[in-house]
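Peer 1: Starting from the known structure of chain G, arrange chain D on it as the hints suggest.
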Amino acid sequence: MGKRASAIVGFTEWNPQRRWPKPMFALDAMAQLAAEALADARFGKDEFDGIVISHVPEAPYFAPSAVAEHLGITASFAEFVDLGGASAAGMVWRAAAAIEVGACETVLVLCPGVPAPRDPAAAPDQLSALVYMGGNAWGSPQAQFEIPAGLVAAVASYALAAKRYDAQHGLDPTVLAKIAVHQRDNALANPNAVFFDKPITIEDVLASRVVADPIKLLEVVMPCAGGAALLVTSAARARRAPRRPVFVAGYGESLTHRSITNMPDLLSPPLADAARRAFAMAATSPGAIDLFCPYDSFTITVLLSVEAAGFCRPGHGQDFIRERDLRYSGDWPVNTHGGQLSFGQPGLAGGLSHFVEAVRQIQGVAGERQLRRCDRALCTGSGGMLSEQSAVVLEGA
Amino acid sequence: MQNPVADHRPVPLINPVSEPFFAAAREDRLVLQHCPRDGFFFYPRERCPKCLGADWSWREASPLGTLYSFTVDRMGQDPSQRSRVPFHIALVDLDDGPRMVGGLVLKAGTAPAVGQRVRVRFERVGGEPVICFEPCPKADSDGSVTSG
Numbered sequence: 066m067g068k069r070a071s072a073i074v075g076f077t078e079w080n081p082q083r084r085w086p087k088p089m090f091a092l093d094a095m096a097q098l099a100a101e102a103l104a105d106a107r108f109g110k111d112e113f114d115g116i117v118i119s120h121v122p123e124a125p126y127f128a129p130s131a132v133a134e135h136l137g138i139t140a141s142f143a144e145f146v147d148l149g150g151a152s153a154a155g156m157v158w159r160a161a162a163a164i165e166v167g168a169c170e171t172v173l174v175l176c177p178g179v180p181a182p183r184d185p186a187a188a189p190d191q192l193s194a195l196v197y198m199g200g201n202a203w204g205s206p207q208a209q210f211e212i213p214a215g216l217v218a219a220v221a222s223y224a225l226a227a228k229r230y231d232a233q234h235g236l237d238p239t240v241l242a243k244i245a246v247h248q249r250d251n252a253l254a255n256p257n258a259v260f261f262d263k264p265i266t267i268e269d270v271l272a273s274r275v276v277a278d279p280i281k282l283l284e285v286v287m288p289c290a291g292g293a294a295l296l297v298t299s300a301a302r303a304r305r306a307p308r309r310p311v312f313v314a315g316y317g318e319s320l321t322h323r324s325i326t327n328m329p330d331l332l333s334p335p336l337a338d339a340a341r342r343a344f345a346m347a348a349t350s351p352g353a354i355d356l357f358c359p360y361d362s363f364t365i366t367v368l369l370s371v372e373a374a375g376f377c378r379p380g381h382g383q384d385f386i387r388e389r390d391l392r393y394s395g396d397w398p399v400n401t402h403g404g405q406l407s408f409g410q411p412g413l414a415g416g417l418s419h420f421v422e423a424v425r426q427i428q429g430v431a432g433e434r435q436l437r438r439c440d441r442a443l444c445t446g447s448g449g450m451l452s453e454q455s456a457v458v459l460e461g462a
Numbered sequence: 003m004q005n006p007v008a009d010h011r012p013v014p015l016i017n018p019v020s021e022p023f024f025a026a027a028r029e030d031r032l033v034l035q036h037c038p039r040d041g042f043f044f045y046p047r048e049r050c051p052k053c054l055g056a057d058w059s060w061r062e063a064s065p066l067g068t069l070y071s072f073t074v075d076r077m078g079q080d081p082s083q084r085s086r087v088p089f090h091i092a093l094v095d096l097d098d099g100p101r102m103v104g105g106l107v108l109k110a111g112t113a114p115a116v117g118q119r120v121r122v123r124f125e126r127v128g129g130e131p132v133i134c135f136e137p138c139p140k141a142d143s144d145g146s147v148t149s150g
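Protein chains in written order, with my numbering: chain G, 66 to 462; chain D, 3 to 150.
Keep in mind that the hints were calculated from the coordinates and are not lab data.
Every value quoted in this text rests on a predicted model; they were computed, and no experiment measured them.
Don't be surprised by glycine CBs; every beta carbon is placed ideally from N, CA and C.
Careful: at least some of the hints might be erroneous.
[Said to hold, decoys possible] Quick list of in silico lysine to aspartate or glutamate cross-link-like pairs, DMTMM-like style, CA-CA up to 25 Å: (1) D:Lys-109 - G:Asp-278; (2) D:Lys-109 - G:Asp-231; (3) G:Lys-110 - G:Asp-93; (4) D:Lys-52 - G:Asp-338; (5) D:Lys-52 - G:Asp-330.
[Stated by the list, open to error] So the derived label-pair ranges between C-beta atoms look like this: (6) D:His-10 - G:Ser-130: 39 to 45 Å; (7) G:Pro-122 - D:Arg-86: 30 to 36 Å; (8) D:Asp-95 - G:Ala-188: 37 to 43 Å.
[To be verified] Among the chain G residues that face chain D by a calculated CB cut under 10 Å, a handful are: (9) Ser-193; (10) Asn-201; (11) Gly-204; (12) Ala-208; (13) Leu-216; (14) Ala-219; (15) Ser-222; (16) Val-240; (17) Ala-277; (18) Thr-326; (19) Leu-331.
This is chain G alone, in the form it adopts within the complex (with noise of 0.2 Å):
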């Protein structure tokens, strides 16, 4: 049995969609995502404490005491988070910790991922620089040779690490086809998920266009817009939650790179590290876990996942994954929501959706595709290029 410090005792995520109907302000859908947290949970405005934020671009400055004025609320715990796709994973352990440590009792995870209304005085080149995700900045290595040498966003190098588990394995292609497969048959169950009506074949994904070798379209998350919130709280508290809390276990974070080229071994992610010292402080292991929720950039970052988490012995991946069923109804579930992959990327609440379909299993709320069977989640989140990557456990009470 792992930690009975904190648990989540609610949620609520916005049906990702390509186009958002309505622009917001950021600390606006905070505000609208803390509403939907804590009437979930049953919470009253004042029953929380804490907040967990990340970017907030009408705030590049003081964000955390930003949204604290925006909420109305005095915070004794406000905790920025800047992991990229392991900011929703980062964010969930802190608010755990935090509630475990005393800082706080009762902690709102806040991912808002919409579009914000048009600045009419936005410089155009300003947008396009976004790909580079900060790392044109005066003084950054990247500025120096990445950006130069075209290593920028992530496919690319996303496609290196694939790339070189072919040079080392064999890199069978049909068995990421079959990732993005499973995880479409899983978001076909999910009324959410913004590919719920769009089946697909291994032949789909492996005629879609290559992207960048040897990653296909069919390979590569969609950023979308959305939102989530998940509402963390202490055990004592957690009992008059309307539905069974979930209890965050056991957690670890690793960081080792900010570029790939400077990760020390492309197929050993910092996963790896995570992982071992969650399933330590949940005192269990990979044959415990029910659910496997994956942070999916691509299929490629799943392979990786299934073995750094410790599921199988490096290498031996696509042997692990090409012998188990991957969806709800599967021997072995992963992302029973279909994963960003199927289920969309909005923004930084891409990374929770992990976190929030884990709950719903624990909580028994998924629905068609509930799993008979769920009392323990492993979620994963990876920022950057497998830079930075989070492992919880998370466990039913």
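Peer 2: Quick look at chain D alone, frame taken from chain G:
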């Protein structure tokens, strides 16, 4: 400040710490920082990333290395270099230790392979050197940088 663009490509944003690397590269020489305890390191910075020591020196390094991985960018996500898609991106482990990122210059009709021997050369973009690699035959190990 951000990367200037020339010839439909971003020019390296050189700063005072990295200037000695680029100054040598302008003369087609590969010069990297060398720590007396930990050997060569790259990218340029003021402390050795292994021991955080500051007693390193700039030293000529071998331009020879092995292709660690590569890809072909076919998307052109960077608007400033979209017109050159498709292009190769390579990670190379130098014989002297550090890993570097750069382009890959191939003879027409040839394909790269992970593990193959390559050598550093410097392209010029907006007059500044940009790292790239070209295949080299195994026997060829005289250690000179090919001028680009």
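Peer 1: Indicate, hint by hint, whether the structure satisfies it.
Peer 2: Hints, one by one, checked against the model:
no., hint, verdict
1, D:Lys-109 - G:Asp-278, "19 Å, holds"
2, D:Lys-109 - G:Asp-231, "23 Å, holds"
3, G:Lys-110 - G:Asp-93, "16 Å, holds"
4, D:Lys-52 - G:Asp-338, "20 Å, holds"
5, D:Lys-52 - G:Asp-330, "16 Å, holds"
6, D:His-10 - G:Ser-130: 39 to 45 Å, "43 Å, holds"
7, G:Pro-122 - D:Arg-86: 30 to 36 Å, "31 Å, holds"
8, D:Asp-95 - G:Ala-188: 37 to 43 Å, "40 Å, holds"
9, Ser-193, "4 Å, holds"
10, Asn-201, "4 Å, holds"
11, Gly-204, "5 Å, holds"
12, Ala-208, "4 Å, holds"
13, Leu-216, "5 Å, holds"
14, Ala-219, "9 Å, holds"
15, Ser-222, "9 Å, holds"
16, Val-240, "19 Å, violated"
17, Ala-277, "5 Å, holds"
18, Thr-326, "4 Å, holds"
19, Leu-331, "6 Å, holds"
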